[in-house]
Amino acid sequence: READQQVYRLRTSTNLAASGTVGRALQYFVDDVNESSGGRINATANFGSELGTQREQVEMAQTGSLEMVVASPPSALAAYVPQLQALNIPYILRDEEHFVRVLNSLEDEISRLLAPHNFVAVGGQNMGFRHMLVRRRPVYEPADLRGLQMRGPNPVYVEMFESLGASGVTTDWTDVYTSLQTGVIDGMEASPDMIYSMRFQEQAEYLSKTFHIAASVFYFFNREWYEALPSDLQDIVMESARKAAAYQNRIDLEAQEESMQKMIDEGVTVNEVNDLSEFARLTAPMVESFRARGPEWADFIDKIQAIQ
Amino acid sequence: MSRAFFSTVYTVVDRVRMTAVILVFGFIITIGAVQIFMRYTPGLNPWSWVSEIMRYLNIWVVMLSASIGVKYGTHLKMDYLLYKIVPERAIRIILPLTRIMIVLALCLLIYYGVQRTSANLRTVIHSLPISIAWFYAAIPLGGALILMEYLLIFIHGTHPYHVEQKLEV
Amino acid sequence: MFYVLLIFVTLIALIFAGIPVFLATLITSILFMIILDLPFSIIIIRVFGGIDSFSLMAIPFFILAGNIMMEAKITDKIVEFSNAMVGQFKGGLGHINIVSSMFFAGIQGSGAADASAIGSVLIPSMTKQGYGRDYAVAVTASSSMIGPIIPPSIAMIMYAYYTDLSVGRLFLGGFVPGVIVGLGLMAVHAVFYRIRKYDFPTRRFDIRYFLQTLKRSALALIMPFIILFGIVFGVFTPTESGIIASLYGLVYGFFFSRELTVKKLPKIMIDSATMTAVVMITIAMAGVLSNILVRLHFQSNMINFALETVGNRHMASLLIMVFMLILGCFLDPTVLIAMFAAPVLAAGTAMGFDPIHFGVFAVVAMQLGAITPPVGTFLFISSSIAGIPLEKAVRAMLPFFTLILIVTLLILFIPGLTLGVVGLFFP
Ligand code: NA
Ligand code: NA
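Residue numbers (the numbering used here), protein chains in the order written: chain A, 344 to 651; chain B, -2 to 166; chain C, 75 to 501.
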């Protein structure tokens, strides 16, 4: 009965803040694992960049100085499986419900792709659809973006803005507020919660609900560690991860709505766009160019698009 | 093997290292400048790979130059107090100990540097289809050059090939 | 907490044993990875990650800019202009030293570069005129502190990187404190010039000479405004402004001062790369060690300690400052910022301070380590230029150090000193 006495450590980390929805869900996960395992797993969490950047944290989980990392597949894990970047393609996700279905259905596929790199993926979490915040005018149709300098986090977003007729820049996140204030950029895009947490709405009047992309994170476990767990503990870990993901998906929706409402109360003009399919039509060539990168890309995109 | 032979090998390594630093550092600042120019020129779009490549190439600059820093003795250190307060006899024990620790630590850095480099052969960087291992390799290689410089200093007492030249800080 | 204490004792012991700081940090990390059963892969991951940052790329560029400007002899123009400005006062060379540092601080961001650039011009002239070597070192080392306080500042770039604060705002926050340090040091110098019974001839103020040098050094003096303007208004990132500063130095050196030649460039680049490596490999190794400290919950313990032991938030901040001062005696400010920037700011914010206000305070408090013995970079550089052992300058240093300590307290107790200028630009 010696195996039963062994305490497994489960050191987890997210590069996001403890106070955000992903951070709160991670704390929920850690508490839940500690409780349901009756102390046989000792789970702990680190938040923010305490242990390093997201890329470093992922590598730590891969090499065993962490047992689990919370990370975004298209940014941090694409280094191992490039086609995960397809999750960044604009207008590939329809709405929140569709997004959650996509995340749940992709779990096995992402785990399969990352297995040779020593990861197991579980518990996909929605970080909110992203919209466009513009200083001077609302965006009803793509033509409204013409001539605007828009900020996005990476080159895919720059390409998206250019497909829509704007120009794109990748200003540093910490410089966005000043850049909006001084007019170096005309607008930016992010989820309502991200915008509100940085108070960008103080420097822009219009929030247009463009629903172009939604960010996501998964729990990535070190595969060797996971496979060495007794099967009852494996079940507990999976169960807790799914519960935490469901919890996060719920509180994130609330947080997004709350931030949206606060911005409206502070005088930001929020609008729906005239026709989302018009935006999707203009960015459709991006889907094709991603497909053309190789059969494994086409295959992964097919799998996303097959999910109803 | 004669001393002259080692001296020649060292000179070649030193030249290659200096040239690499100048070229890579020069390249970094050039693409950085071009990037600003493109950003403020209407109709031109900045390259998306610049900031990532700059960051990664800087690792080469730092690791290679760290070994040049050993040669010139520019690394932060404090050895004057030791000689002031510790008796000669104790220093004769401490000195070899610190040297062994330095050599072991650097060997570890090189070994695990090689290990991480080869483990990352199939890891691609974000903006270009090249492996991150190209940049990880700077750590073991830089570590080996640092080790080489320290071994030369430990064996000869001072750096044998370092012509005294005041380096401004 | 026992392990944390043991880590710092080990690190300091290894540094005392004469092991270079970056290797002492690496060896300490290795020892505690063995004790705490952590895989060595962390070393490589953190060394790579510690250097791999776009924000920190500002460091090599500002170092390069500083070296280019030194070769382009911008320093000479600055010293000349300072001479025309304050050379007529009693103790002229000392004042010139301090004022030059204030101007030079506006061009570049490193106190070490200040100590070596201004020091190598003015320490020889000061000693030739009859100042004690120790006194020349004290004036040079203490005024080099202005380098990282008045923007641009490598220390603040680092601080912003570790805490996600805006570099532009931190820069603006340092402006008034930097000027106060400069004026305060001039006052201390005026007093001690008399106490030490120095009496050297001074030149008379000449408005024509003043205007001539102003014109000659104008191109050097507008540099700070380009940098500040660019960063504050978001025209370029701090990293890009480092590139702009380097290009400006090149244009200035090739076409205006005509002191630069293509043949000088390789040496400038190697020197800059080496100085960059010294800073960044120290940062990288500190990153390895701080990863271990995080795993020991050092950060949260420190915040709780500051919050719970002392009720008053100013008293708690003083406690942090004393802690930084003690560690700063042994560790370089670079290491302090890499390991403590985030937890110290978290403590400050938890106590209700404005992050920019507390950030400037923390940077200055950590920077004090550069002028305290036994490990003090600015003190070390200045005394090697003067050719005296570092400890000989400590007594002469004391009044200047006290002044800077007082200004640090003023920064803490009067938020307006930092936030006033920030508020002008970001209402
Ligand atoms: Na400065
Ligand atoms: Na000075």
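Quick caveat, the hints were computed from the structure, so don't treat them as lab data.
Please note that the accuracy of each hint is not assured.
[What the hints assert, rightly or not] BS3-like mimics (lysine-lysine), calculated; alpha carbons at most 25 Å apart, straight line:
| id | chain 1 | residue 1 | chain 2 | residue 2 |
| --- | --- | --- | --- | --- |
| 1 | C | 202 | C | 341 |
| 2 | C | 164 | C | 338 |
| 3 | C | 341 | B | 74 |
| 4 | C | 202 | C | 271 |
| 5 | C | 466 | B | 74 |
| 6 | C | 202 | C | 466 |
| 7 | A | 552 | A | 586 |
| 8 | C | 147 | B | 81 |
| 9 | C | 147 | C | 271 |
[Unchecked claim] Sample of chain A residues lacking proximity to chain C, with all beta carbon distances greater than 12 Å (derived):
| id | residue |
| --- | --- |
| 10 | 352 |
| 11 | 354 |
| 12 | 398 |
| 13 | 517 |
| 14 | 596 |
| 15 | 608 |
[As the list claims (entries may be wrong)] Simulated restraints on C-beta separations:
| id | chain 1 | residue 1 | chain 2 | residue 2 | range |
| --- | --- | --- | --- | --- | --- |
| 16 | C | 378 | A | 526 | 40 to 46 Å |
| 17 | B | 9 | A | 387 | 26 to 32 Å |
| 18 | C | 282 | B | 35 | 44 to 50 Å |
| 19 | A | 578 | B | 91 | 36 to 42 Å |
| 20 | B | 35 | A | 361 | 55 to 61 Å |
On a predicted model such as this, the values are computed, not experimentally measured, just so you know.
All residues carry an ideal CB built from backbone N, CA and C; glycine is no exception.
36 to 42 Å as the expected CB spacing between residue 91 of chain B and residue 578 of chain A, which holds or is violated | 55 Å, violated
Take the C-alpha atoms of residue 552 of chain A and residue 586 of chain A, compute the straight-line distance between them, and say whether it is at most 25 Å.
-> 29 Å, violated
Starting from the hint 26 to 32 Å, judge whether the C-beta atoms of residue 9 of chain B and residue 387 of chain A obey it.
-> 51 Å, violated
Interface exclusion of residue 608 of chain A relative to chain C, criterion Cβ beyond 12 Å = Per Cβ check, residue 608 of chain A is outside 12 Å of chain C; nearest 22 Å; holds.
Holds or violated: residue 341 of chain C to residue 74 of chain B, with C-alpha atoms at most 25 Å apart | Status holds; Cα separation ~23 Å.
Hinted pair residue 202 of chain C and residue 271 of chain C, Cα distance within 25 Å = Within the cut-off at roughly 16 Å; holds.
Please test the hint of 55 to 61 Å on the beta carbon pair from residue 35 of chain B and residue 361 of chain A.
-> 39 Å, violated
Decide, holds or violated, for the assertion that all CB atoms of chain C are farther than 12 Å from the CB of residue 596 of chain A.
-> 26 Å, holds
12 Å Cβ clearance of residue 354 of chain A from chain C = 8 Å, violated
Would you mind confirming whether the straight-line C-alpha gap from residue 202 of chain C to residue 466 of chain C stays at or under 25 Å?
-> 18 Å, holds
Mind checking the alpha carbons of residue 164 of chain C and residue 338 of chain C for me, to see if they're no more than 25 Å apart?
-> 38 Å, violated
Residue 352 of chain A: least C-beta distance to chain C exceeds 12 Å?
-> 10 Å, violated
Violated hints for the displayed structure, listed by number in ascending order: 1, 2, 7, 8, 9, 10, 11, 12, 13, 17, 19, 20.
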